[in-house]
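Mind docking these for me? Both chains are given alone in their own frames, and the hints should help you get the complex.
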Amino acid sequence: MAHEFLLEIGLEEIPAHVVTPSINQLVERTTNYLNEQRITFSNIKPFSTPRRLAMLISGLADQQPDVEEEVKGPAKKIAQDADGNWTKAAQGFVRGQGASVDDITFKELKGEEYVYVNKHETGKPVAEVLVGMKDVIMAMTFPTMMKWGSYKFQYVRPIRWIVALLDDQVLPFEILDVTTGRTTQGHRFLGREVELTTPADYEEALTSQFVIVDADKRKARIRKQIEQLAADRSWTITVDEDLLEEVNNLVEWPTTFAGHFDEKYLTIPDEVLITSMRDHQRFFYVTDSKGDLLPNFVSVRNGNAEHLDNVIAGNEKVLTARLEDAMFFYQEDQKHDIDFYVNKLKDVSFHDKIGSMTEHMKRTGIIANLIGQRVGLSDTELADLQRASEIYKFDLVTGMVGEFSELQGVMGEKYALLFGEKPAVAQAIREHYMPISAEGALPQSKIGAALAIADKYDSITAFFAADMIPSGSNDPYALRRQAFGIVRILRDKQWHLPLMRMGQDFEIALSNKHAAFNPDLQANLAAGRTRIQSFMNDRVRQWFNTQDVRHDIVDAVTNAATTDVLTMLEDAVTLTSHASDNDFRDAIEALTRVARLTKDDLLAASELPVEPKLFENDTEQRLYDAVNKVDEHFAEQTPDENYHSLAALRPLIEDYFEANMVMADDDAVRTNRLNQLAQLTKLTLQLGDLKQLIVK
Amino acid sequence: MENKVDQKLSVQQIILTLQQYWAAQGCMVMQAYDTEKGAGTMSPYTFLRAIGPEPWNAAYVEPSRRPADGRYGENPNRLYQHHQFQVLMKPAPENIQDLYLNSLRELGIDPLEHDIRFVEDNWENPSMGCAGVGWEVWLDGMEITQFTYFQIVGGQEMDPVASEVTYGLERLSSYIQNVNSVFDLEWSDGVLYGDIFKEPEFEHSQYSFEESDQDMLLRHFDDFEKEAKANLAKGLVHPAYDYILKCSHTFNLLDARGAVSVTERAGYLSRIRNMARTVAKTFIDERAKRGFPLMKDDAKRQELLATWEKKQAKKAAKNAKGAK
Chain A
1 MAHEFLLEIG
11 LEEIPAHVVT
21 PSINQLVERT
31 TNYLNEQRIT
41 FSNIKPFSTP
51 RRLAMLISGL
61 ADQQPDVEEE
71 VKGPAKKIAQ
81 DADGNWTKAA
91 QGFVRGQGAS
101 VDDITFKELK
111 GEEYVYVNKH
121 ETGKPVAEVL
131 VGMKDVIMAM
141 TFPTMMKWGS
151 YKFQYVRPIR
161 WIVALLDDQV
171 LPFEILDVTT
181 GRTTQGHRFL
191 GREVELTTPA
201 DYEEALTSQF
211 VIVDADKRKA
221 RIRKQIEQLA
231 ADRSWTITVD
241 EDLLEEVNNL
251 VEWPTTFAGH
261 FDEKYLTIPD
271 EVLITSMRDH
281 QRFFYVTDSK
291 GDLLPNFVSV
301 RNGNAEHLDN
311 VIAGNEKVLT
321 ARLEDAMFFY
331 QEDQKHDIDF
341 YVNKLKDVSF
351 HDKIGSMTEH
361 MKRTGIIANL
371 IGQRVGLSDT
381 ELADLQRASE
391 IYKFDLVTGM
401 VGEFSELQGV
411 MGEKYALLFG
421 EKPAVAQAIR
431 EHYMPISAEG
441 ALPQSKIGAA
451 LAIADKYDSI
461 TAFFAADMIP
471 SGSNDPYALR
481 RQAFGIVRIL
491 RDKQWHLPLM
501 RMGQDFEIAL
511 SNKHAAFNPD
521 LQANLAAGRT
531 RIQSFMNDRV
541 RQWFNTQDVR
551 HDIVDAVTNA
561 ATTDVLTMLE
571 DAVTLTSHAS
581 DNDFRDAIEA
591 LTRVARLTKD
601 DLLAASELPV
611 EPKLFENDTE
621 QRLYDAVNKV
631 DEHFAEQTPD
641 ENYHSLAALR
651 PLIEDYFEAN
661 MVMADDDAVR
671 TNRLNQLAQL
681 TKLTLQLGDL
691 KQLIVK
Chain B
1001 MENKVDQKLS
1011 VQQIILTLQQ
1021 YWAAQGCMVM
1031 QAYDTEKGAG
1041 TMSPYTFLRA
1051 IGPEPWNAAY
1061 VEPSRRPADG
1071 RYGENPNRLY
1081 QHHQFQVLMK
1091 PAPENIQDLY
1101 LNSLRELGID
1111 PLEHDIRFVE
1121 DNWENPSMGC
1131 AGVGWEVWLD
1141 GMEITQFTYF
1151 QIVGGQEMDP
1161 VASEVTYGLE
1171 RLSSYIQNVN
1181 SVFDLEWSDG
1191 VLYGDIFKEP
1201 EFEHSQYSFE
1211 ESDQDMLLRH
1221 FDDFEKEAKA
1231 NLAKGLVHPA
1241 YDYILKCSHT
1251 FNLLDARGAV
1261 SVTERAGYLS
1271 RIRNMARTVA
1281 KTFIDERAKR
1291 GFPLMKDDAK
1301 RQELLATWEK
1311 KQAKKAAKNA
1321 KGAK
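Protein chains in written order, with this note's numbering: chain A, 1 to 696; chain B, 1001 to 1324.
Source of the hints: derived by calculation from the structure; they are not laboratory data. Glycine included, every Cβ here is placed at the ideal spot set by N, Cα and C. Please note that the accuracy of each hint is not assured.
A few chain B residues that don't get close to chain A, going by computed Cβ distances all over 10 Å [stated by the list, open to error]:
no.	residue
1	1008
2	1063
3	1119
4	1232
5	1296
6	1318
If we take Cβ atoms under 7 Å as the criterion, some of the chain B residues that face chain A in the derived model are [to be verified]:
no.	residue
7	1114
8	1115
9	1118
10	1149
Isolated chain B, as found in the complex (with noise of 0.2 Å):
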């Protein structure tokens, strides 16, 4: 078999690489979502379809906006946008090593003529009320995919259990063209990562560091925890989630400019947290009262919505009781 990486394939390749592999697997390839987020995690096709009884499986890139991370354009491995190669799948297949293994090779990494290893890291996002178990995968020494299963989303326990496999498309990319800086990665025929992404990331940079206009992004945090917690009280859920993921990138615009003090900084986090939970109960909800559609086992379907159903007839019956 002749190698593929001595081909090297393009950004661009990859990624339609990846799309289509993951495709074939019976994954939906989705799109980015259009609210800046920190990872591919926050999008709602992982974040909100991790959580509740139906079967979900997605595929999607996601630039991943991580303020404090800029550096000018000038260090060749820290960005303020990345980009991440998001797999969900619930539940998560018997086989996802494989699957995943499998898609090393279609990308031309043959593990016979590499080291690949899982090494334990478990990851955690307190902030959005998450935990879950899994490896960094390891190629000859380098750290390509975050594999986690997820155990607790939004303070939900998962049932079923969601597995998530994050590339990093960069450092991946960089592996496979065999290239020291990010910005030397061939995006596509003749284009490189740089002539894209060094432009935008000195001026997000700046931006983030130097310009940002802290009272108006305070205000903004304050805004849009407001229209978060009015659209969940309306069970609203998507358009409150799009709030509270504006609530995240606006405090890491904060946190980079080194405009939240150390006691602000746990006040905000868990006012994050604290969305972030309640969107995940409202989600379940709102996906109760549609009769769980994605279910594909009706058996299994009646019975959650049945226990669904006596659970709210008990918080109706309790809210009554303190009503009087």
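Chain A with its partners taken away, still in its complex shape (with noise of 0.2 Å):
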């Protein structure tokens, strides 16, 4: 017969963002614990909302299957004595396997004669296997994890009941001072307690008691509450999905309503009414058919419609006290001007060990300039761009982004356009936030691209200096996130710019200029360097894990010699597309047998000299000519015409090493071939390092 089970965990409110992950982390585990006890089911059905997290298990088998086994044991010699008794280790192996010598056989193996048992497991029921949930249960981890009365153990909130009913049996466990039961809660203030009968019932008999604990059920009640809505009163809602999950999680019997505000309140810029709206009070927003907002929003209560006046009443005056303030800073913003907001930066700290707002911003502002000079801005670009890096962080001064920090940039946008910015000036301010999350949008303008670069780059050297770098889970300065948005711009802009070797570059500008470091962060700029490069190669990376390019050449090309993160792209899709030619394997195998015969110190040297009169034949000088040759036009073609001409070198490779011991008992000639190779190697490295290429 096949079973059901029904486990609910009754829960003081859990985050609303932690509940879908929550209960997918249940049935995962759930999934992996039944499998592993080699229970089958047919179906795991999931349910949750703030107050709990349930799972329906449906076609649960009666038991394990049993297990029959055939158990080897020690050799015969070593089982009996001379006389054929057995011995302590054949007893102690048949105690092990719960048998007795009685049931011993023997099986040869290899020419050896060895003591086998047949074991024979029976499967457990059910109800034994489903114990173990509690296990499963209490092995669940949460992003913030919190102790409760008296006990040591932590989970997401406090366990107030745990459901666990198979068919129509309470399954006993307990976990703390909470024992399983058949009584599971109601909505707090409309429902009240309720007993199972069976797990079939569980749905229903919530739903009675003001539940809908389907949490998709509960999604799609509210959206289309709010297309009614709309439909009702001709407006447009754009249902944010983000929002709505959250909303969903903050309810468990939802009930959506409208409400109002002034309308005056409408010359306030749309960003901040919808922050005030969407962020802080979890409201849906309202624009007429063409997309004008209007003085009104949509929210949902945790409850039915009785008294609906009051809620409505109480989130429009919380509405309106907090666009009241909103309208109060944005006058009293526009009150001054920019120097008056750049100026009071020099009081704003960018971090207490690195220094000010104003010296980060005069950093990014020298660097900018020389990124944008590198990536060809014209004139009237780079003039932008220095006035653009000279005020770009004025808005958090303002009190408008002091009461709602999540507009930086947006406000500097609007406010520098209202100062009399040029536009140009005013989108980099904006975009130099850019972007803001792994899949955020990116700057448009070059203006804005190359501001953003450079406070990034700012941002990610000062924190290595200051030795506060991302390690686990905990990047407070959110550099990874800063990393991967360099890496993503240069790449939407294809820009060209080895980030790296040019600091040095930024570090004499900035000395020159007088906005280096303090003399601490001064000393580490130098072994930060290296850490930051292979930091920025962990980001390259971590794009390519969003694109289709095998293992193998993300790791050659993010070990090349560049440090220009366009190149290592580019690179990555010349060897893709060679590595299914016919040549590939051989090329590749050629040039890494060249590559293995060069030492890293090798590599380091400025110089490399080569002597063509101490070759000892036509070989050697065939393959130095062509690798000048190739050497000649290198920096000047494309990654593919680049691997085109290693390639090509590959009979010459193959021919050099037929003909040429290179480790010459001659010291002389030794180096000299040495350095030969060094200088293919080279060569090589900028395509990647091709020793990690996979061709067997």
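So, in structure tokens, the structure goes:
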């Protein structure tokens, strides 16, 4: 007979953003557990609300299948003494298997006889296995964990009840002071507790107690209510899916309602209104058919439609207070000018150990200028970039951004325009924060992109120099996101920018303009640079993870001699496009044979003198000439052309190794040969560390 | 049932109702602590009493000073000094959420007539070495209460865990009395909040932002710190704690005046944090020396004391070794 099992963990309110990942985790852990335990089932139906994580498992087998197993023991000569008596070794073995010496049989294995017993293990009944769900529940992990009562145990929030029902029987176990039962809790205010007879009763029983326990159904209901409101009032409501997900996990019995605010607040920028509604109050905003904001909002109550007027009035009051503040800031902020705010930034800390925002801006400006020149910005663009870099953080000290920090940059653009800055400058101010998430939008303007890269580069350099380096999940200054942002911007703008190689130029320029770091950080810069390089390479790898590129190719290009991200990306395209060529393997093998003979110290050498007069045969001269020719054109050729040039060297390399012993006895000849090969290795390293490629 | 919200409880009645209610739940009604502080959490009745194994249930009103939030009495919702109604229960009762919701019912707020939600908000006060997990409670979209299960106080892990419920009295009262400005709240019969607090708000704002004697404050911070440390060394927990509170308030005054540079800021905060950590440890030692007198479970008390004594002996042995 197939069984049904209901598990419900009753909790104090789980953070909204944790609900869905948690129920997914519970289902995954349960699936793994049942599979490990060899208990078959047909389906797991998940349920979740802010106060409960639950699952209905159906089609459960009666028990684990029995196991028949032949177990090998000691060799016969060890199991029996000369007289044929069972030794301690034999007795110990059978005891361990729950058998007796009578069960022993012998079998030959590789010419030696061994002891065997047949082990029969009866499968455990499903109830016995399901008691182990206790450990599954307790093994769950959450982004924030807490202790409660007098327990050491940590969980997302205190566990208050557990329903564990196998068919019509309570499955008994305890977690801390909570014993499993068949009683679940209804809605905090509208419902009461209710006893379940069987697992199948669950969803309906809770519906009768004002809990829609199926998260998808609850969400669909909210969506329908919003659509209904929009239709009734001829509103356009764009349902923000993230907000809907959050709201859905704040309520058990949703009732959607609409509220209103005074039209005078519509003079505040839309972004401010939307932030107040969406981020602070979890409201959906409302527009007309043209997309213009209307003085209305839509929200979802955790309850029914009774006394909805109170709820609407309260929410309107809270929103009005926020908008009144915003209006005040918007008007006050415009009473000053940009210089006033820029001047205040001197007192704003970038980081206690690093210095002020003004200093950070000055460094960013100098770096941005060098980047701008390198990527070929026009004089006008360079002038706009300069202006943007002088003011781009000014909005941080406005009243509005003080209150609505998430609007940094957005308000900067708005205010910059109001204060008469050029649109290109204003746009760069907004864009320099981009991308604000791993997949966030990128700066569109070149000025914005250059400023964004410079700002991020300086932040990364500064924090590394101050030894505040991201580790594990600890990245409080979002340096990984910023570095990943640089990778994405460089690719998007197709900019060749060997940032790490430019690092020294940056430092010289900073010193010349009296904008260098404080001496403590200055002393750490060189050490930081190597670490930043590998940190950046990890971000390039992270970028490749989102693409369909072979791992060995990723390893090859991220270990290339270049620090230019775009070149690495292009190299990967080149290697990928040739990976299935007929001669790919032979070409790579020839080139890596050369690379293996080149030690790191040679690669680091500034000069690699090669004396043709020390050549002992033709093959040396021919390879030498060919490599020189490739070298000559390497810089201006595309990676694809470079690949072809290098691959074409293969026959010459093969001839060379055929004719020569590289490690010749004569010191001069040997050095000459090693230097010659190192020259070639240096070239191939521009394309990538080809040794990483798997060509077997 | 008649709707008590319509009767518009005065601020004073709200306080009395909450005191009465929490007293009935087993809390001692304490008085506001007489040293300036930024939040009810910093009263020794919360900060110190949350630490250690002894049970503690207390409720009190705490006037809380935040100099940087002063607005000369012009902003309808921001204040130099606001009032918190603070409830600390250790160990946290299992039904603490229900107890809290019932307190709202006592104030005439029937959850069925409103929308009440527990929205995640984890609390942290790094300068006092404190962190907790919990929610802000929303009443029809307004945050009226901070609800926290303390996890760490003064750098000490909670065992058992204390629950803290902090009502923002001005917010809650504004809702109950349906006014838009705190200054329009009725404190008691015919006397408005503004009548009492508008003048001090203005004066304290002017003082904090314009008039305070920075040199004196800087000097005082150093003096208070010295005094706190001297007291800590002698195991005089409560005088030491008073001076830590004074340091904290003095720093807040300096901060409001813009007198603390960015680099100095972190330094001051870490000086306060170090003292907060030390006082937390010293408090446990002093309570242990007194035999954890508030503990009801004698077996558990003996066990904890034995552990503590063993630790002391070890420390003493180590010190003796170090001295050689």
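The hints, checked one at a time:
| no. | hint | verdict |
| --- | --- | --- |
| 1 | 1008 | 15 Å, holds |
| 2 | 1063 | 23 Å, holds |
| 3 | 1119 | 7 Å, violated |
| 4 | 1232 | 26 Å, holds |
| 5 | 1296 | 13 Å, holds |
| 6 | 1318 | 26 Å, holds |
| 7 | 1114 | 6 Å, holds |
| 8 | 1115 | 4 Å, holds |
| 9 | 1118 | 4 Å, holds |
| 10 | 1149 | 6 Å, holds |
Violated hint: 3 only; the structure is consistent with all others.
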